[in-house]
Amino acid sequence: MEIKVNGELKQITNDSIAVPEILKLFKVEAPDMVSVQLNGEFVDRKNFDSTLIKEKDEIEFLYFMGGGR
Amino acid sequence: MIDFTEDQLERYSRHILLKDVGIEGQEKIMKSKVLIIGAGGLGAPAALYLAAAGVGTLGIVDGDSVDLSNLQRQIIHFTKDIKKPKVLSAQEKIAELNPDVKVNAIAEHVFADTIRDIIRGYDFIIDGTDNFAAKFLINDACVLEKIPYSHGGILRFTGQTMTVIPGTSACYRCVFSVPPPKNVVPTCSQAGVLGAIAGMLGTIQAAEALKFVTNVGKPLTNKLLTFNAMDMEFRNVNLRKRKDCAICGERPTITELFDEEQPVCDIKH
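Line by line, the protein sequences are chains L and A. First residue of the first sequence? That's 1 in this note's numbering, and the numbers climb one at a time after it. First residue of the second sequence? That's 1 in this note's numbering, and the numbers climb one at a time after it.
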């Protein structure tokens, strides 16, 4: 199916995939490092397992960046 | 009305020439009060540009002293300043750059029991801190005090920033509900950062402050600007205020500030 990841169209072979698997697929090292937005809404971390990505979904990984000094 | 001196008209002529700023905008800048928390990678360029712009009162909060390893990016501090309190080093440079600017040097770190008193009275806050405890604390304090602020974060070759107008736009906690677990996300002192990245982001934050105090353009609200200098890709991710945000949502669960537990960030690690 076709989905949009961080603004880019991507083809994935899965028909349905949960958030933790999509993080693995796109090589996000640790799920704790990102905040996940699906079609404009944030996904609660506790709902990662139960949230399925569907055709045409738009997903954003927003990374924690703690530096500044 | 401020009576501009001849020198001031010349000093600020490139602002005054801008049709969106002009003499009125420059006057707003000169009457504004901006607070920078953290006189480091982000705070250093932000402080220099805001001082050069003629911001009336510039507050600078930092409890650290200048270290040799800071000088690769914290451009307000010089080699001769090593071991000097950062706020003092910054104050000296600002005085040399622009004597019009009044500096409030606050040589301490921000904590839950002090931050509200520190930020109160300022028009705009710049987050130039280097840890999640401070970033969440600044967000929560600015939301409670209803003071707009600019979030900034950098790591390696990447940076992110967003402007928060409390009550109307998404806050940092809308995006990142709680700090990440310890040691999952590396800090700059562990992972490194390209010095110029700090300059890129700190100057964006300074521009946001100047836009806000002059009421020019559109603030970077409801967007997280992220960039990766590896390929120089810039991207805005649209955000929405969360109804269930713990601090700015409809039923906030955070009504009093608290200090997040923060791993000790030792530069020698």
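Honestly, the hints are just simulated from the structure, not real lab data. Glycine included, every Cβ here is placed at the ideal spot set by N, Cα and C. Accuracy of the hints is not assured; some may be wrong.
[Stated by the list, open to error] Far from chain A, some chain L residues (derived; all Cβ distances over 12 Å): (1) L9; (2) S16; (3) E29; (4) E41; (5) L62; (6) G66.
[Stated by the list, open to error] No more than 20 Å apart at the CA atoms, straight line, and that leaves these computed lysine to aspartate or glutamate pairs for EDC-like: (7) A:K182 with L:E58; (8) A:K223 with L:E55; (9) A:K243 with L:E8; (10) A:K223 with L:E21; (11) A:K223 with L:E41; (12) L:K10 with A:E27; (13) A:K243 with L:D44; (14) L:K46 with L:E8.
[Unchecked claim] Part of the chain L face toward chain A, derived, beta carbon under 8 Å: (15) G7; (16) L25; (17) F26; (18) F48; (19) R69.
Outcome of the hint check:
{"no.": "1", "hint": "L9", "result": "holds (15 Å)"}
{"no.": "2", "hint": "S16", "result": "holds (24 Å)"}
{"no.": "3", "hint": "E29", "result": "violated (9 Å)"}
{"no.": "4", "hint": "E41", "result": "violated (7 Å)"}
{"no.": "5", "hint": "L62", "result": "violated (6 Å)"}
{"no.": "6", "hint": "G66", "result": "violated (5 Å)"}
{"no.": "7", "hint": "A:K182 with L:E58", "result": "violated (29 Å)"}
{"no.": "8", "hint": "A:K223 with L:E55", "result": "violated (25 Å)"}
{"no.": "9", "hint": "A:K243 with L:E8", "result": "violated (28 Å)"}
{"no.": "10", "hint": "A:K223 with L:E21", "result": "violated (26 Å)"}
{"no.": "11", "hint": "A:K223 with L:E41", "result": "holds (13 Å)"}
{"no.": "12", "hint": "L:K10 with A:E27", "result": "violated (50 Å)"}
{"no.": "13", "hint": "A:K243 with L:D44", "result": "holds (13 Å)"}
{"no.": "14", "hint": "L:K46 with L:E8", "result": "violated (26 Å)"}
{"no.": "15", "hint": "G7", "result": "holds (6 Å)"}
{"no.": "16", "hint": "L25", "result": "violated (19 Å)"}
{"no.": "17", "hint": "F26", "result": "violated (15 Å)"}
{"no.": "18", "hint": "F48", "result": "violated (13 Å)"}
{"no.": "19", "hint": "R69", "result": "holds (3 Å)"}
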